[in-house]
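Q: Residue strings, one per chain:
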Amino acid sequence: MPDRGELPVRLEGIGKQYGRVTALESVSLQVEHGEVFGFLGLNGAGKSTTIRILLDLVRPTAGRAFIFGADTRRDGLDVRSRIGYLPGELGLYGDMTGADTLELLARLSGRTDVSQRRRELLDRMGLSGADLGRRIREYSTGMKRKLGIVQAFQADPPLLILDEPTEGLDPLMQDAFYELLTDVRRRGHTVFMSSHVLPEVERVCDRIGLLRRGRLVLVSSVDGVRHLAARRVRIDFRGTVAPPPTWPAGCEAVDVQPGAWTLRVQGPLGPLVAAVGSLPVADVDVSEPHLEEVLRRYYSDETAS
Amino acid sequence: MKRVTLVLAAHSLSRIRVMVFALGLLLAAFQFLLTQVAQFLLRRSAFGQLSAMMPDFVRSAAGPSALAFMSFGGIVGFGYFHPIVLAALVSLGIAIATEPSAEVEGRFVDLTLARPLTRSNLMTRTVIVFVVSSTFVLGAMLAGTWIGLTCCTPADAPRPPARLILSLAANLAALMVCWSGVALALAASARRRAVAGSAAGTAALAAYLLDYLGRAWEPARGVSVVSPFHYFEPAALVGGQPLGAWNMIVLVGTGVLATVIAYVVFSQRDI
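These protein sequence lines are chains L and X, in that order. My numbering applies: residue 1 is where the first sequence begins, and numbers increase by one. My numbering applies: residue 1 is where the second sequence begins, and numbers increase by one.
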């Protein structure tokens with residue numbers, strides 16, 4: 001049995017080849033206890049393959065994966081007893097009811113004492129008893145997703161692996177899901193989730209990893225990623241001010257008018273403040289960068305290359 | 001046996017219970033009706049006429065078993081080797097054995113294998129479902145025959161010995177084991193049930209035709225030994241020969257070997 005102190009997720013040089021196609025290349029990664037880790041990348045970047053390797057559904061051609069210190073291949077049973085998994089593409093039997101599906105999956109988890117937790121989750125996700133009594137073929141996409149979330153969380157596992165968890169959920173249910181994530185994190189559980197929705201990642205994740213063509217090109221805290229982006233600064237002047245012959249370090253002009261400058265500032269604002277200190281400044285507006293801006297740059301690099 | 005395997009088996013059995021129950025009932029009724037047909041022909045003393053109507057070349061090709069078939073016991077036992085019955089039972093075995101590929105295709109396997117159970121649990125589940133279902137269907141067929149012979153047949157009718165009916169059922173069960181094993185091996189590596197099912201079904205049909213050819217045409221006899229149907233010899237049983245141990249070993253052995261291959265392949269593949 002692995003030590004409780006072991007990292008929830010550890011990837012060591014994971015590679016995966018499908019014939020001549022490289023799906024993953026030397027991916028190494030660690031996820032800490034109690035954090036929500038966002039796993040990002042464009043379609044086909046290798047997110048789902050990585051997740052499937054963690055679950056031992058796909059076998060890596062190089063490297064090893066560990067969950068709470070246990071090898072996902074050698075100690076698969078122990079590993080999977082500590083995971084709740086929400087697949088990106090839910091495969092449910094249409095002729096089963098929601099209630100039967102949840103019960104079956106709880107029994108396969110080896111857990112029969114989940115009814116209280118399940119009720120709580122069903123309440124939060126807005127699934128009624130009548131909904132659960134219906135056959136899944138009658139469910140909407142969103143209802144299936146909610147059922148998928150309940151089955152992943154109902155055994156209260158210490159690690160949740162979620163593949164595109166809010167796909168198909170309406171905004172209200174997305175909020176309910178984010179609250180659920182906040183709760184599980186507060187209780188010390190760890191979440192490893194892939195997502196396409198950058199505002200969602202920015203809202204719920206502590207750290208992110210970005211995959212590009214099977215390679216991990218960025219691992220950073222969300223705040224750290226924001227710092228990689230330039231801030232947008234608009235300075236309004238009382239009267240006309242001529243722009244300087246050279247801009248302070250880290251500053252780049254976006255739009256320069258006689259009474260207002262709009263600049264992109266990479267790094268600290270000190271040099272800019274010093275430069276405009278003697279000028280008749282009327283107002284300064286600093287727009288904090290969004291995660292999306294940085295990630296879009298990574299994505300556009302990929303599509304361009 | 002692990003509890004999760006039984007949970008999975010119960011789940012799969014509940015999903016196919018209507019199909020298995022209906023097939024069992026239908027085949028039991030067919031066996032019952034055959035006892036009544038045999039009784040009807042006996043009353044009319046029609047077995048002799050039927051034998052006389054048989055062309056000489058058929059008689060010589062089929063040997064003494066042809067005459068044995070034109071008897072009360074032959075008609076009663078016919079339900080255990082009628083081509084449609086064979087097709088139904090082999091298809092049932094293939095349908096059950098291809099469940100793993102259906103779960104891969106439908107992605108339900110993502111939810112099951114993300115839980116603390118092994119891939120071999122899924123295979124063992126399928127084997128259990130096959131054993132329970134085929135036992136039920138064959139049991140229903142035997143029950144149909146038994147009811148027909150005990151309750152609705154005159155006491156002086158020349159009933160076939162129980163050993164003959166049980167031998168026919170055992171030979172049929174061995175054939176099902178063989179084809180289910182082959183289908184399981186194909187399903188273990190397939191991503192789609194239709195691929196595994198159609199490959200197994202096509203192989204079964206080709207093997208059946210090859211055996212038919214081997215029995216009817218001397219030059220093809222040597223090649224037909226590769227067909228599992230070559231080792232399914234109900235006519236010989238009806239003709240009074242005992243159930244061949246070699247035939248059973250080949251059929252069950254092929255099924256078991258294919259099942260072992262299925263376990264290995266499924267444990268190694270990417271899902």
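Treat the hints with caution; some may be incorrect.
[To be verified] Ranges between beta-carbon positions, derived for each pair:
(1) Arg3(X) with Ser140(L): 27 to 37 Å
(2) Thr22(L) with Val225(X): 38 to 48 Å
(3) Arg119(L) with Met19(X): 27 to 37 Å
(4) Gly91(L) with Gln49(X): 55 to 65 Å
(5) Asp270(X) with Ser128(L): 31 to 41 Å
(6) Thr61(L) with Arg107(X): 51 to 61 Å
(7) Arg213(L) with Arg107(X): 19 to 29 Å
(8) Val195(X) with Arg119(L): 36 to 46 Å
(9) Val195(X) with Arg135(L): 50 to 60 Å
(10) Asp156(L) with Gly106(X): 25 to 35 Å
(11) Arg213(L) with Gly106(X): 55 to 65 Å
(12) Asp270(X) with Asp175(L): 28 to 38 Å
[Unchecked claim] If the Cβ cut is set under 7 Å, some of the chain L residues that face chain X in the computed set are:
(13) Glu89
(14) Val241
(15) Ala242
(16) Pro289
Treat the hints as calculated values from the structure; they're not laboratory data. Glycine included, C-beta positions come from ideal geometry on N, C-alpha and C.
Q: For each hint, tell me whether it holds in the structure or not.
A: Going down the list of hints, with the structure as the test:
no.: 1; hint: Arg3(X) with Ser140(L): 27 to 37 Å; result: holds, 34 Å
no.: 2; hint: Thr22(L) with Val225(X): 38 to 48 Å; result: holds, 47 Å
no.: 3; hint: Arg119(L) with Met19(X): 27 to 37 Å; result: holds, 35 Å
no.: 4; hint: Gly91(L) with Gln49(X): 55 to 65 Å; result: holds, 59 Å
no.: 5; hint: Asp270(X) with Ser128(L): 31 to 41 Å; result: holds, 38 Å
no.: 6; hint: Thr61(L) with Arg107(X): 51 to 61 Å; result: violated, 23 Å
no.: 7; hint: Arg213(L) with Arg107(X): 19 to 29 Å; result: holds, 25 Å
no.: 8; hint: Val195(X) with Arg119(L): 36 to 46 Å; result: holds, 42 Å
no.: 9; hint: Val195(X) with Arg135(L): 50 to 60 Å; result: violated, 27 Å
no.: 10; hint: Asp156(L) with Gly106(X): 25 to 35 Å; result: holds, 27 Å
no.: 11; hint: Arg213(L) with Gly106(X): 55 to 65 Å; result: violated, 30 Å
no.: 12; hint: Asp270(X) with Asp175(L): 28 to 38 Å; result: holds, 36 Å
no.: 13; hint: Glu89; result: holds, 6 Å
no.: 14; hint: Val241; result: violated, 62 Å
no.: 15; hint: Ala242; result: violated, 64 Å
no.: 16; hint: Pro289; result: violated, 37 Å
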